[in-house]
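Student: Once you have looked at the hints, place chain B on chain A.
Top line first, the protein sequences correspond to chains A and B.
With my numbering, the residue at position 359 of the first sequence is 1661, and numbering never jumps.
With my numbering, the residue at position 47 of the second sequence is 60, and numbering never jumps.
It should be emphasised that the hints constitute simulated quantities derived from the structure, not laboratory data.
Just to be clear, a hint being listed does not mean it is correct.
[What the hints assert, rightly or not] Derived lysine-lysine pairs resembling DSSO-like cross-links, with alpha carbons at most 30 Å apart: (1) B/K48 x A/K1908; (2) A/K1886 x B/K159; (3) B/K90 x A/K1896; (4) A/K1461 x A/K1444; (5) A/K1908 x B/K90; (6) B/K48 x A/K1935.
[Said to hold, decoys possible] Label pairs and their calculated CB-CB ranges: (7) B/Y84 x A/P1932: 38 to 46 Å; (8) A/K1924 x B/M60: 40 to 48 Å; (9) A/K1921 x B/E126: 27 to 35 Å; (10) B/K64 x A/K1924: 49 to 57 Å.
[Claimed, not checked] Which chain A residues face chain B? A few, computed with CB under 7 Å, are given here: (11) Q1866; (12) H1867; (13) V1869; (14) Q1872; (15) T1873.
The structure presented is a predicted model; accordingly, all values stated were derived computationally and were not measured.
Glycine included, C-beta positions come from ideal geometry on N, C-alpha and C.
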Amino acid sequence: MATLLKEIVDHLNAEPFHMNLTLVTFDEKQPIELLETLNAILVHLDGKKHEVDVREENQDNMYVRMAGFLHVIGCKANYDEEFQKSFVAGDKRTLYPIIHWLLSDLERLRKRAYLAHYLVPIDVPPEFLGDEAMMEMYQQYKGLQAQFKSNHQALEQAKETSTNPSELRKELQQLEAEKEQLQQKIASLQSKTQNKEGFDALLEVTSSLRKEQEEEARIAEKIREQRVQLEQAEQQYMLSTQRLAELKSSIKDSDAGAETMLKVLRDEVNRNRENLERYRREVDEKKDRLHTLEATLSEPPVSQVMIRDLESQVAGLRDEIQTLEDRLEEDANQTDDKLTVFKQQANLVGKKKEIALKELKDAEHERSELSQRLSDREREYEERRGHKFLRKDEFKQYAAELREKTAKYKEMKADLNEIRQEVATLTRTEQILQQRDERLAKTVAELEAKRGVAGYQTTERSLEEISAHKAQVDKSKEVQLDELSRIVTEITNQLKDKKNQLAPQIKNLREVRAQFQELEAKYNEKKGAYNSVQLAVDSDLSRLRHEVETLQAECDDAESRYHQHNVDIQTAEALLERANKEAKYQRGEGRYSKEFATLSALLTNKLNELDLHSRDLRKQQKEVKENQEPRMKQREMFSVLQRLLDVKLKTAGQEAGGMRTTGESFRAGGGAVMDMAGQAQGVNRLIITE
Amino acid sequence: MALRLRCKVLLIGDPAVGKTAISQTFSHGLHHFRKDYAMTTGVDVYMKPIKIPEQPVCVELFVLDAGGDDYTQELLKPHYATANAFVFVYDVTSLDSFHHLRSWYERVQAARENAAVVGVVLANKSDYDTSGHNMVKPHMGQEFAKARGLEFFDTSALRGEVEVPLCFLAEVFASSYEERRLALLEM
Chain A
1303 MATLLKEIVD HLNAEPFHMN LTLVTFDEKQ PIELLETLNA ILVHLDGKKH
1353 EVDVREENQD NMYVRMAGFL HVIGCKANYD EEFQKSFVAG DKRTLYPIIH
1403 WLLSDLERLR KRAYLAHYLV PIDVPPEFLG DEAMMEMYQQ YKGLQAQFKS
1453 NHQALEQAKE TSTNPSELRK ELQQLEAEKE QLQQKIASLQ SKTQNKEGFD
1503 ALLEVTSSLR KEQEEEARIA EKIREQRVQL EQAEQQYMLS TQRLAELKSS
1553 IKDSDAGAET MLKVLRDEVN RNRENLERYR REVDEKKDRL HTLEATLSEP
1603 PVSQVMIRDL ESQVAGLRDE IQTLEDRLEE DANQTDDKLT VFKQQANLVG
1653 KKKEIALKEL KDAEHERSEL SQRLSDRERE YEERRGHKFL RKDEFKQYAA
1703 ELREKTAKYK EMKADLNEIR QEVATLTRTE QILQQRDERL AKTVAELEAK
1753 RGVAGYQTTE RSLEEISAHK AQVDKSKEVQ LDELSRIVTE ITNQLKDKKN
1803 QLAPQIKNLR EVRAQFQELE AKYNEKKGAY NSVQLAVDSD LSRLRHEVET
1853 LQAECDDAES RYHQHNVDIQ TAEALLERAN KEAKYQRGEG RYSKEFATLS
1903 ALLTNKLNEL DLHSRDLRKQ QKEVKENQEP RMKQREMFSV LQRLLDVKLK
1953 TAGQEAGGMR TTGESFRAGG GAVMDMAGQA QGVNRLIITE
Chain B
14 MALRLRCKVL LIGDPAVGKT AISQTFSHGL HHFRKDYAMT TGVDVYMKPI
64 KIPEQPVCVE LFVLDAGGDD YTQELLKPHY ATANAFVFVY DVTSLDSFHH
114 LRSWYERVQA ARENAAVVGV VLANKSDYDT SGHNMVKPHM GQEFAKARGL
164 EFFDTSALRG EVEVPLCFLA EVFASSYEER RLALLEM
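Pulled out of the complex, with its shape left as it was, chain B reads as follows:
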């Protein structure tokens, strides 16, 4: 009987950076990628169980996806304090979306008070060529992530390259759970 853990993950970022695409591709697969854009107005919850390799543990990832507008992101606010991990998404073709990440991060940090912000930074739409100007260069995203103790990943919902960062989050969650359990046992 595998141990079942539950991890709440919030997707955070500007409108139209691809949060909904990432969560849909992650939970249903590549064929669910939608070519047209539909603005997310409420909050959607996607659940996917992830088996941790070589361990009898299964982490159920609850991915909360809300629209990037201020008035829809408001709906995520009650989850800021209780979420286990955060996914900060920016669009490599939009410098604005990258610059806004800073304020997103600060908002989350303020809501969590003392608790650390665990999470990843995703440079989405990496299928685009980033050599042109007005593009966010990979090193920028890496520096942003490093300064805040987050992991950096290139993703492309179009190519279905979204599994890796989320699985990474699941594993981190499982290992931190195990550490805490052992610490409690020692006590």
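The following block holds chain A by itself, in its conformation from the complex:
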């Protein structure tokens, strides 16, 4: 009920009622006021009928009006007398649901009310329909209703599909206003600029500027396009270079050389050209075909009639051809007579030509045979003579050559003779000179012998040799020295270079060393700190460890003590229980056992028993103490007696054994031993005295 009330109030406060109600004010409304509210809603739904002052209206009329309307728009209620009574009285329980129902779907109900106004059928009793005029009217009415329905549907559809005309109108108005504004602007500008000087030039400049700007934009576009093209070209170039590289590598691989390569490429080029040609042809063909197809397409579609027409046309044309051919034949027959002469002549000439051709063929054949024979002969000749068969001019050439060579040969022979003569004279001179040399040597030796410097010449020669040798050695030495000095200078140079190279590194090294020392100092410092900290920590650690150990030991002790105490507690509890029980027994509530009323009784009894027992034992002890000495003596004597008896038993056994042996010996040798045995028996006797 509360939510219902709340929704009603919300709806009434909203569009289109604006009643400014609160829950309380609405709930406190008088019945008549409620009916007024309901009426207001009905007025909103269907204005014309309900604009009545409810306060002044007859109650019955009001009910008929409102309930009829509610019934028409489909409010669910049983419209009986009770309902009427409560409705007229303005009962909340009846009116709230109706108001709520009305408010919850206001728009739909409004439409329904509107439709109901026209479509609720008028109930005409069938007896009136018999009247013709009435029937006609009724039919007309029905027709109008149907028309209304269709119109309404069309309207709904139109509303859904088309945009709102008022909006369109609004837009139009706006656009017109804009247009007006622009025109005003232009006019104001024109009026402003009219008086200015050089405006035309300015206008021109600005227009040209605009044009140039457009041009610039276009150029930029073009640049962009060309860039794209450039990119494409570059790509192509890349591809080509790649291909070139591939080809080069293939050349290297195949080792075929440029010639074959070139040939291959040329072939390829030719092939490509052919392909190009072919493609061009194909393109042309395709274009033609395309044209024809387009033409056919552009023509109006061919109908059966047209085909028939065309076919008949074709047939007509064929007939015509036939007739023309017939006529041609006829014409040929007519002109034949004039031509026969020429024909015969032509035949004769043809025959002659044939004969000549045949002769020519024969001659050629003969010629080839002859040349064949000639070559055969030549081969034969070659086989026989060993060299090539020479023709005339060849022979001539050969002879000329021969002549030339013989001339040369003669010349050379003369030269040779001359040279031989000269050789002979030269050998002769040599001989003479040698003789002279010998002679001179001899004279020198003689002179040396005479002057006492024999062997001077040889010595001199050897000296010369040695000096030459020395010069050679010196030379080589010099060379080596040069080499050495060169090497030394080289080494020094290298040394310098290296030193130069090393200098910065050494410098670096020094810096690094300084750094290293610094770091080492720092390191040592840190290490000292670390060590001291470690020591402290270690001592702490060991102390803590010790502490932990002692605590652990304490803990263990405590634990075991805890267990011990547990046991003690259990024992103590048992004791306590016993004491409690004992107290009970003392008070006479129950007995300890069958024999004893209380534990203390048992204990006293036990005590007494033990007392007695101890007394007995003391007596025994006393007795034992008193009698111990004589009894010990007696025990000793008994033991001695036992020993004696043992010995006796033993000897008796031996005696019995001796008897047996003596008996045997006696039976063997007589009774000589009997006496001895009797003596031994007599000795072995013991008397016991107290």
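Tutor: Chain B only, in chain A's frame:
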């Protein structure tokens, strides 16, 4: 850090078989052996830690000693169910003390319901010569022990020969603990 286990051991037997002597000798050494007899009237607890050889385990034996009389043994009854081991003591010079062991054992068994009775049988005062009549012969004690799944030992508190059976109990306890731990781990 050695593992510490706690084992509660009850000394059970007739009066004057030497229970108190055994526990005192065990916990304090031979020089504590008392020549005179003092009847134990309450319950004494002796504790001694025993190191298990070759294992990081230390078993603290809590030995509970009560008088042999019925009314003092009563005080041990609450411990019957919770004890870990029992020491049944008889006197080799007293046949009665041996025969009474049977009823002692039955009493313990009844109190423990389903739990097994783990323990040893001690033939105390073995320093006496047992060849005479009225003496309990060793085989009797052995048979008694075997029939009940107990271990049999000769002891003499006088000579200080009590360590072995108690150490044995400690080891048995430690090993059973270990077994149970492993079983739980497997689960």
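Student: Tell me the numbers of any earlier hints that the structure contravenes, in ascending order.
Tutor: 2, 9 and 12
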